[in-house]
Amino acid sequence: MWPVAKQTLKAAVRYRFVVALGLALLVIVFGVPLLLKSDGTAKGTVQLVLTYTLGATTALLGIASLWMGCGTLAREIEDNMMQMVAVKPIARWRVWLGKWLGIMILNAALLVPTGLAVYFLIEARASSLENAEEQAKLRNEVLVSRSSVREPIPEWADWRAGTKFPRQRAYAYAKLVAQGKSENQYTSGEQSLIDSITLPEHGLSLRPEYTQLIEQAAKNPAAEVLADIEALEHQALQFAKGSREIVLPGQMINWEFKIDPDEVDRINEKPIYLRFKFNAGDEYDPKSHLCLWSVGRGTSKRWPLDGEFEEMTIGSNVFHEIKLERVGGIVPDKGANRGLIRVNFANLNDKPIVFPMDDGPMILYHDGGFGTNLMRGLLIIFFWLGLICAIGLMASSFLSFPVATFMSFGILLISASTGTLEQIVEEEGITGINHETGRKDESSSLDNVAILFSKTVLSVTDLVWGYSPVDHLSSGRTISWTTLATAFTGIILLMGGLVSALGVYMFQRRELALPNPTASMN
Amino acid sequence: MSSNETVISAQGLTKVFKDFWGRSKALAVDGIDFEVRRGEVFGLLGPNGSGKSTTVKILLGLLYPTRGRITVFDHSPRHVQTKARIGYLPEESYLYRYLNSDETIDFFGSLFHIDSKERRDRADQLIEMVGLDNARRRHVGEFSKGMQRRIGLAQALINDPDLIVLDEPTSGLDPIGCREIKDLILTLAERGKTVILSSHLLADVEDVCDRAMILYGGRVQAMGTMSELLANRDATRITAPTLSRDTMERVLTLIRADTGSEEVRVDNPTQNLESLFLNIVEQARRKESETSGATSGHRVADYLRGDAAGDRADRVLDHLTRAADGPTAGQAPEVATAAETVAHDKLAGLAKAEPVPKAKVAPGKGENLDKANEKLGGLLGD
Chain U
174 MWPVAKQTLK AAVRYRFVVA LGLALLVIVF GVPLLLKSDG TAKGTVQLVL TYTLGATTAL
234 LGIASLWMGC GTLAREIEDN MMQMVAVKPI ARWRVWLGKW LGIMILNAAL LVPTGLAVYF
294 LIEARASSLE NAEEQAKLRN EVLVSRSSVR EPIPEWADWR AGTKFPRQRA YAYAKLVAQG
354 KSENQYTSGE QSLIDSITLP EHGLSLRPEY TQLIEQAAKN PAAEVLADIE ALEHQALQFA
414 KGSREIVLPG QMINWEFKID PDEVDRINEK PIYLRFKFNA GDEYDPKSHL CLWSVGRGTS
474 KRWPLDGEFE EMTIGSNVFH EIKLERVGGI VPDKGANRGL IRVNFANLND KPIVFPMDDG
534 PMILYHDGGF GTNLMRGLLI IFFWLGLICA IGLMASSFLS FPVATFMSFG ILLISASTGT
594 LEQIVEEEGI TGINHETGRK DESSSLDNVA ILFSKTVLSV TDLVWGYSPV DHLSSGRTIS
654 WTTLATAFTG IILLMGGLVS ALGVYMFQRR ELALPNPTAS MN
Chain A
4 MSSNETVISA QGLTKVFKDF WGRSKALAVD GIDFEVRRGE VFGLLGPNGS GKSTTVKILL
64 GLLYPTRGRI TVFDHSPRHV QTKARIGYLP EESYLYRYLN SDETIDFFGS LFHIDSKERR
124 DRADQLIEMV GLDNARRRHV GEFSKGMQRR IGLAQALIND PDLIVLDEPT SGLDPIGCRE
184 IKDLILTLAE RGKTVILSSH LLADVEDVCD RAMILYGGRV QAMGTMSELL ANRDATRITA
244 PTLSRDTMER VLTLIRADTG SEEVRVDNPT QNLESLFLNI VEQARRKESE TSGATSGHRV
304 ADYLRGDAAG DRADRVLDHL TRAADGPTAG QAPEVATAAE TVAHDKLAGL AKAEPVPKAK
364 VAPGKGENLD KANEKLGGLL GD
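Those protein sequences? They're chains U and A, same order as listed.
Take the position in the first sequence, starting the count at 1, then add 173; the result is the number in this note's numbering.
Take the position in the second sequence, starting the count at 1, then add 3; the result is the number in this note's numbering.
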C-alpha cells in the first residue's frame, strides 16, 4: 500500500496542489491575524487568532481532503490509470487504503507545520508583552491546559414524559409519601426507594392527582387519562429542570463541584477559575446584569476574602471566567470537605437568570501546558480530516468525480447541520407542539419514526462532531487524553472503519474497464 | 515452443454491458470458448467492436463476465497472486502523466514487491531496451504516442511475466518500433512466455502469432494456427533462385501437363514494405547515428532474454517460415489434399532433375536473409 500512498503524494505535489494549499495556509497563519479586530487585550487577541486560524485551517484542509479523496480515485478510474494498477498483484483494499494513507500523510505534512507556526507565533506574541499582568492572564487563561469539573448532569435530564419516565417508581414513592410516615418508620426497601428518588419524582409526589390518575388508568387506560398523566410528568420534568437552571429574582442557587481529593494540593498551587454563561430571556438582545457570587461558604476557603458576595455587572449570553484568587488556593483541603467547592449565586435583578444545563458553570484548574493541548487538539482535527478523506474515497469508489464530490459535500453538510434533528427530538416529533401547553397534543407514528431517525443520526454525528478542539484551545481548556482516545475510537475506528469498509466493498465490486462511466456494476 | 499447459481457459464467456438500471445495453462477448497454452503467441483479431478488448479486459479482471467461466493459470482473473505473472500493455497510454520514465517503471515494479535495487536494475535495462534512455527524466505526459507505447511496454515487462497481454502493441509506433516489438514477442515466446496479442493490424498477427482467434459481433468466427487459417488449398507456390528460360519452360510444361490448367503464373518475388523500409533506415543509420526522442535497435533486457538469446538472429526467419513447416505443437496435423500430393511429387521430380537450394514458402518474407539476419543481430545485441 505504501507505493500507492507515495504515488498519491507525488500526484498532489506534481499537480501543484500542495503548493496551493501551502500558500493558502501561509495566508491563514500569517495573514488572518492581521485582519482580526479583538477587544484590545492580549488574551482576546490570542483567542481570536487561535479560533480563526485553527478554524480556517480545519475548513481548508477538510475541503482539500474531500477534494483529493474524491479526485484521486475517481479521476484515476475515469482516466483508466487505475486499470494499470488493478492488473498488478495488489489487492484493491490496499489500493484504497494506500490512497487514504497518501492523503493523510499530506494532511499531516501540512497540519504539523501549521500547528507549529501557530504555536510559535502565539508564544512569541505572549513573550513580547510588556504588561506583566496581561502576560500572566494570557498564560493562565489561554496558553494553558485547564481541566474542568462540573456538576454531574442528572439522569432525568433526557427523560421525556411517557417515555423513559419511571412511572412505577414515581407512583410507589408518591404512595409512600401519602402515608405520612416519619423517617424511622420506613422499611429498608422503602428507604432505598427514597434514596433513589429524583427531583421530578419528588415533584410528582406533591401532586395527589398523579396517583389517582395512575390507578384510574390501571382500571381503564383511556387515552385522556394517559394524556393527563403525561402532562403531569412533563410539568414535573420542566419544574426540575427549571430548579436546576433558573434563579428567580431574590433567590440564590448553589452548585457543588467535586475535585479529586488527591489532586487538591497540586490544584491549589495554580489559579482556579469559575466559568459560566447565563441568559435572562434576552438571547436576541443581550444586556448586562448584576451577578453576585460567593465560593466556599461553610468552609475555610472562602472567596471573596471578606466572605461576602462578589458583585459584578456582566453581559448575558457569553462565557465569563472569574479568577478565584486566594493564597493557598480555593479548594478546601481539610476534613470531609476536601476537594468540594461550593459556589453560590444570588439574583438581585428583577428578571430570572437562567444557567443552561449544557453550558452550566464549571471550575477550571491548571492541568498542563498549551503545547501538549494544542497537539491533542490538532490530532482531533486530523481524525476529522481522516474521516472526511474516507468519505470522499468511499463516494468515488462507485461514483464519477463530480457526483462523488457533490455527494460527499452533501453528507458533510447534513451531518454538520443537526439543528433540525435536535428540534425534532426536543419537540418530540415533526408535527409541532402546542405552544399553550408546551407539549404535543398527540403523537403519531410518523413522529416516532422521525424521533428514532433523528436520534440515530444525532448519535452518529455526535460521535464525530461532538468535540470542539478549537473552542477548547482558545479557552485554555484541556482536551484530555481520554477525549482523544474517545475521538480516535469514534471518528477513525468506528465511523472511519464503517465508511472505509463500504468504500472498499464498492471499489472491489467496481468494473474498472466499463466503457461508460454511467454503466452499472455487473 | 508452446506446451500443453493451459494458461487461459474460457468457456461460454459472455459479457453484457448494462445501463444504470440493469437493462442490457450491448452484448460485447457472446459465449466464446478458447484456450491458450504456455509458450503460445495467441492473436485476437477482429474489427472494432468485435469484443477483443472486452475479452482482454475480462481475462485481466478489469471486467467481470456476465456468464461463463474464465481462468488464468487455473485461477480467477481477479486472484491477486496470479497477477504477479501477468504483464499488460493497454491499447492507450494509461500511465501517470506526472511521472517520468524511471518513476513509472519504479512505481509499477514496486507493486510487484520487487526490491528497489532489482527494480532500478530492471528499469535501466527496460528503458534502454525500449529506446527511451535519452528521455528517462521527462514526464510521460510530454511523450509522443510512440514513446508512450514504449514506456507502456517497459512497465508491462518489469515483472518478467509468464503471460503478456498486448493490446494493439504497435499502434503509434514507427516501422522500426513495430519490428522491435514483434521481435520481442518472439523472444518472449521462445522463453516459454505466453503472449496474447490483440490487434486489428493483420500483418502484426500474421508475423508473430502461432494461433489466432477471429472475433466478430462478440462471437468466434474462426480459430486455429496461422497455417490453418492462411493456407490456400487451391494453389501451390514454388520459390527458387533465378531460373534459366529453358528450365522455366520445362517446369511450366510439366506443371501444365500435370494440372491440365493454363493458370500457371511466373513472377519475381517482392520484399514487403516493412523489410524495404528497415533496410533503407539501416543504411541511413550507418551514415548518421544521432536522432532525437526515442531511439531503436537496442538489446532486449537481459532478464527477459534468459537462455533464448543465443541464436536470436535466426528466430524471426524461423518463425516466418514456420507456416510452411507445419502446425505448431498441440495442433492436429492437416491431411494433405490430392492437389498438394501431386505438387509434392512434381517438386521431388524437379529436385532430381536439377538440384536447387532449399526453398521457404513464405509469401513476402525472408527474401533478403542476410539483411534480416544482420538487422536482427543488431536489434538483439548478439
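Be aware that one or more of the hints could be misleading.
Below, a sample of chain U positions facing chain A; criterion: calculated Cβ distance under 8 Å [claimed, not checked]:
{"no.": "1", "residue": "P176"}
{"no.": "2", "residue": "M257"}
{"no.": "3", "residue": "D479"}
{"no.": "4", "residue": "P688"}
In short, the hints are calculated from the structure, not lab data.
Don't be surprised by glycine CBs; every beta carbon is placed ideally from N, CA and C.
Going through the hints against the structure:
no.: 1; hint: P176; verdict: holds (4 Å)
no.: 2; hint: M257; verdict: holds (5 Å)
no.: 3; hint: D479; verdict: violated (73 Å)
no.: 4; hint: P688; verdict: holds (7 Å)
Consistency with the previously given hints fails for number 3 only.
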